[in-house]
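Make a model of the complete structure from these sequences and hints.
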Amino acid sequence: MSTPTTTSTTGKAIAIVTIVFGALVVVATVVSAGFSTIFAPAAASNATSSQSIAVSGVTELVAEASATELTIRFADVREATLDTEGSGAAGWTFKRDGSSLKVESPSRSGVSLWFSSGIGSATLTLPEDISGLDSTLTLNAGSLDADGDFGDLDLTMNAGALTVAGSAETVTAVVNAGSAEVNVAAASAIDLSVNAGEFDAEFSGSAPEDVTLAVSAGSLTVGLPDDSYAVSTDVSLGSLTNELTTSPTSRHQVSVSLEAGSITLRPAR
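Numbering (the UniProt record's numbering), first residue to last: 1 to 269.
It is worth saying that the hints were derived from the structure and are not from the lab. All values reported here derive from a predicted model rather than from experimental measurement. Yeah, the Cβ is synthetic: ideal placement off N, Cα and C, and Gly gets one too. It is possible that some hints are incorrect.
Stated by the list, open to error - Below, simulated DMTMM-like cross-link-like pairs (lysine to aspartate or glutamate); rule was C-alpha separation at most 25 Å, straight line: (1) 102 / 76; (2) 102 / 154; (3) 102 / 83; (4) 102 / 134; (5) 95 / 60; (6) 95 / 79; (7) 95 / 134; (8) 95 / 149; (9) 95 / 145; (10) 102 / 79; (11) 95 / 69; (12) 102 / 64; (13) 102 / 60; (14) 95 / 76; (15) 95 / 154; (16) 95 / 85; (17) 102 / 69; (18) 95 / 83; (19) 102 / 169; (20) 102 / 181; (21) 95 / 64; (22) 102 / 85; (23) 95 / 129; (24) 102 / 149; (25) 95 / 147; (26) 102 / 145; (27) 102 / 147.
Claimed, not checked - Simulated DEER-style distance windows between Cβ atoms: (28) 99 / 260: 38 to 44 Å; (29) 243 / 90: 47 to 53 Å; (30) 267 / 237: 23 to 29 Å.
Take a look at the structure:
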């Protein structure tokens, strides 16, 4: 007579638990190491780099900064110079592409873009001879500070702190998050959008002929030269404060679209 065989479920259960626990320990170790790398302060670095490019024929500047500090200035110099320092000093892109001058910080993406401690800073010094060039400036995180005379000025901010001063022929700006401050003279056309964050824009000189403002969330404060304006509004939710002098026959047109958040219009200070 054969003897019945009994399988020990208890033993199997213990073995399975042991295997699973071991796997979890391995995963936890890997994840911990990954997050330690992401959130740990960047290693101190005194690395520096300096590059120069001739600007004859340059009519456009395209600059993008991510998790860094970028400063843009004009000075009495003959060539465009990019001075960088910090852990990413040697990783910046600085080149000519036809009539365009392109500047870009070392690329970062995902979690490391938002939680890393940054990759240093850079200063772009441009010759005064090319003042008035069209400029496209993008900030993904960190800070961007630009001061000078521009042609068509196109700004995009996805996070961080953006500061622009000087003059421009036209200004187009989109703020998706963060804090932006613009103080510009002589703009004839202005197009500003805020999807989140805070945007404080001040314009001086002659009154612009065409102003378009749109806020889906966040806040926008706009100071315009003291003149009369024909203001049209489309307000769904939020708060609109208009302290401008208005006239339906004015040639200075202001179009406002507000879905949520707040818009304040006032004379420039």
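- Hint numbers not upheld by this structure, sorted from lowest to highest: none
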